[in-house]
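Number of protein chains: 2
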Amino acid sequence: MERTDINTLLEKTEAWILPELENIFDEKEREDVTVKAAMYSLMAGGKRLRPLMMHLTSEMLNADADKEADIKYFAATLEMLHTYSLIHDDLPGLDNDELRRGKPTCHMVYGEGIAILAGDLLLNKAMERMFAICEKNPGYIHASSMMAENAGIRGMLGGQSIDIASEDKEISLELLTELQEKKTGAFIEAAIVTPYYLYKNMTREESASDETAKDLRKLAYHIGLAFQIKDDILDVTSSSEVLGKSTGKDERDSKATFVTHLGLDGAKGRLDEEIKSIKTILDKLSASGFDTTDYETLTDFLVNRDR
Amino acid sequence: MERTDINTLLEKTEAWILPELENIFDEKEREDVTVKAAMYSLMAGGKRLRPLMMHLTSEMLNADADKEADIKYFAATLEMLHTYSLIHDDLPGLDNDELRRGKPTCHMVYGEGIAILAGDLLLNKAMERMFAICEKNPGYIHASSMMAENAGIRGMLGGQSIDIASEDKEISLELLTELQEKKTGAFIEAAIVTPYYLYKNMTREESASDETAKDLRKLAYHIGLAFQIKDDILDVTSSSEVLGKSTGKDERDSKATFVTHLGLDGAKGRLDEEIKSIKTILDKLSASGFDTTDYETLTDFLVNRDR
Numbered sequence: 062m063e064r065t066d067i068n069t070l071l072e073k074t075e076a077w078i079l080p081e082l083e084n085i086f087d088e089k090e091r092e093d094v095t096v097k098a099a100m101y102s103l104m105a106g107g108k109r110l111r112p113l114m115m116h117l118t119s120e121m122l123n124a125d126a127d128k129e130a131d132i133k134y135f136a137a138t139l140e141m142l143h144t145y146s147l148i149h150d151d152l153p154g155l156d157n158d159e160l161r162r163g164k165p166t167c168h169m170v171y172g173e174g175i176a177i178l179a180g181d182l183l184l185n186k187a188m189e190r191m192f193a194i195c196e197k198n199p200g201y202i203h204a205s206s207m208m209a210e211n212a213g214i215r216g217m218l219g220g221q222s223i224d225i226a227s228e229d230k231e232i233s234l235e236l237l238t239e240l241q242e243k244k245t246g247a248f249i250e251a252a253i254v255t256p257y258y259l260y261k262n263m264t265r266e267e268s269a270s271d272e273t274a275k276d277l278r279k280l281a282y283h284i285g286l287a288f289q290i291k292d293d294i295l296d297v298t299s300s301s302e303v304l305g306k307s308t309g310k311d312e313r314d315s316k317a318t319f320v321t322h323l324g325l326d327g328a329k330g331r332l333d334e335e336i337k338s339i340k341t342i343l344d345k346l347s348a349s350g351f352d353t354t355d356y357e358t359l360t361d362f363l364v365n366r367d368r
Numbered sequence: 062m063e064r065t066d067i068n069t070l071l072e073k074t075e076a077w078i079l080p081e082l083e084n085i086f087d088e089k090e091r092e093d094v095t096v097k098a099a100m101y102s103l104m105a106g107g108k109r110l111r112p113l114m115m116h117l118t119s120e121m122l123n124a125d126a127d128k129e130a131d132i133k134y135f136a137a138t139l140e141m142l143h144t145y146s147l148i149h150d151d152l153p154g155l156d157n158d159e160l161r162r163g164k165p166t167c168h169m170v171y172g173e174g175i176a177i178l179a180g181d182l183l184l185n186k187a188m189e190r191m192f193a194i195c196e197k198n199p200g201y202i203h204a205s206s207m208m209a210e211n212a213g214i215r216g217m218l219g220g221q222s223i224d225i226a227s228e229d230k231e232i233s234l235e236l237l238t239e240l241q242e243k244k245t246g247a248f249i250e251a252a253i254v255t256p257y258y259l260y261k262n263m264t265r266e267e268s269a270s271d272e273t274a275k276d277l278r279k280l281a282y283h284i285g286l287a288f289q290i291k292d293d294i295l296d297v298t299s300s301s302e303v304l305g306k307s308t309g310k311d312e313r314d315s316k317a318t319f320v321t322h323l324g325l326d327g328a329k330g331r332l333d334e335e336i337k338s339i340k341t342i343l344d345k346l347s348a349s350g351f352d353t354t355d356y357e358t359l360t361d362f363l364v365n366r367d368r
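Residue numbers (my numbering), protein chains in the order written: chain A, 62 to 368; chain B, 62 to 368.
Heads up, a few of these hints could be off.
A pair holds if it fits inside one copy or across any two, identical chains being indistinguishable in the list.
Taking lysine-lysine pairs in the DSSO-like style, the calculated list, with each CA pair at most 30 Å apart, reads [to be verified]: (1) K97 to K230; (2) K197 to K128; (3) K279 to K89; (4) K230 to K340.
Please keep in mind that the hints were generated in silico from the structure rather than gathered at the bench.
Start from the sequences, fold in the hints, and give me the full structure.
Shown next, in the form of structure tokens:
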């Protein structure tokens, strides 16, 4: 089978997810200033990597049209959760960033108060959407529950909390790994695994014992780490023009990264290890009959990207 | 039947809800600084009016022990949502309040960044709790869905958004009423009606047509308005020592209130009307066999309180 290149995959994902994002709020709601601020950030671009992963899992499962529509609904929901976390993270009280993806951050455009509410709104609406679809299909409760957990203290928020608590402190490689596993890894797990839970209307018990679910969670773990290590490497090797954000920021903020811990070569070595683990799991899934070609393309992209 | 006085009701509610609040996070989670900040605000007191209302509906329904335990679980969940909204509302980017219930606000104690995350955490964890209990009892999905909506753009956040958009502007009595209906009314509705949805494992369709559900929603609407009008009256008539917060704040902030719109006497008249509507609905519920005595006590308290 001929491989689809990453740019085509990214373009397909963009076309797949945008109409869904545009219709999250109805016409009347879109007149509200907080909704406008939320939509500003939601539509501000980015690679849409999480929706891409959901799309890839959906295609790997050969989900039918109805199931795929529901997976898309959850992909938009996860993108909302990701965007809320960025809006709040950019606030003056946290990272105090004025630019995101080359555009002014939410609070720079709408003011701090509305940016706080816009983040709250995206988080709340994401949860509303999941409850609403569970009213129609109770088989989605566990998938929704896991997505909410991935956003909480055991996931993204837990990572943010470790991050803020360890500012200006030396942290161990172990804690750094936990931080990243939660802060960025939890949403990557949600992206890769949720479609499978939805596809199977899976309960908590089933998802704990299912072999494919376990493989997908492992895949997510290693992709998440590879993604973060690559980010840390790019922060010291790339130029800010290419990256679209300031480089060397981690060092100036004396932030612990995989590069500060392992050195540049050590980090590259660790990245290679993660890639090997990813390939092993993909081979196993492939042997079970899943078409993992596009996931291989994604993996190559994550390693070779220059931004 | 002898009436239980309001202080006894409030004390009973405190004893009912506190152990539930204390156990929201497990021991390990409570070591996290963001969890500590969230718990600080959650345990900082307040009248626990929303849990009280949930308790009253639960007792009015004669809920059995299992059902009552679940209602208590949701009461704690609503209190978490209420507390997150206060933490974020107090932030410098919004109301910039240093004191709440006579104690330093969350960001004064833990800093702005952690206070943002603590609010996010309470919101997220509230949703997690609802998904988790729905995994055990899918009959609770609609109740959870409504609670999430009451916290969103059609409820509390919608009210916050109108509030911030109308700062330093003249707003109509109609918009002021909508603002209050959403900002404070939506959680009062959740408090009064959710126990009934839980009690009946009610679906969206059932809750739309059920006569008692409709009465409870009307009751909530009028209690919410009465509560807010009384607040506005107290802001101009009470002293700050009694109120435990600064008075005359609305006027200094040139904030539209029921008093600025209707005058003090007009607001008192409007309050009387709301009380009449409340009594009418309580009489109807009473005639249907519900014991509404404690709700009458609550209503009297809401009108006669001096803080």
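Do the hints match the structure? See the list:
no., hint, in the structure
1, K97 to K230, "between (38 Å within a copy, 20 Å between copies)"
2, K197 to K128, "both (13 Å within a copy, 24 Å between copies)"
3, K279 to K89, "between (43 Å within a copy, 24 Å between copies)"
4, K230 to K340, "neither (35 Å within a copy, 60 Å between copies)"
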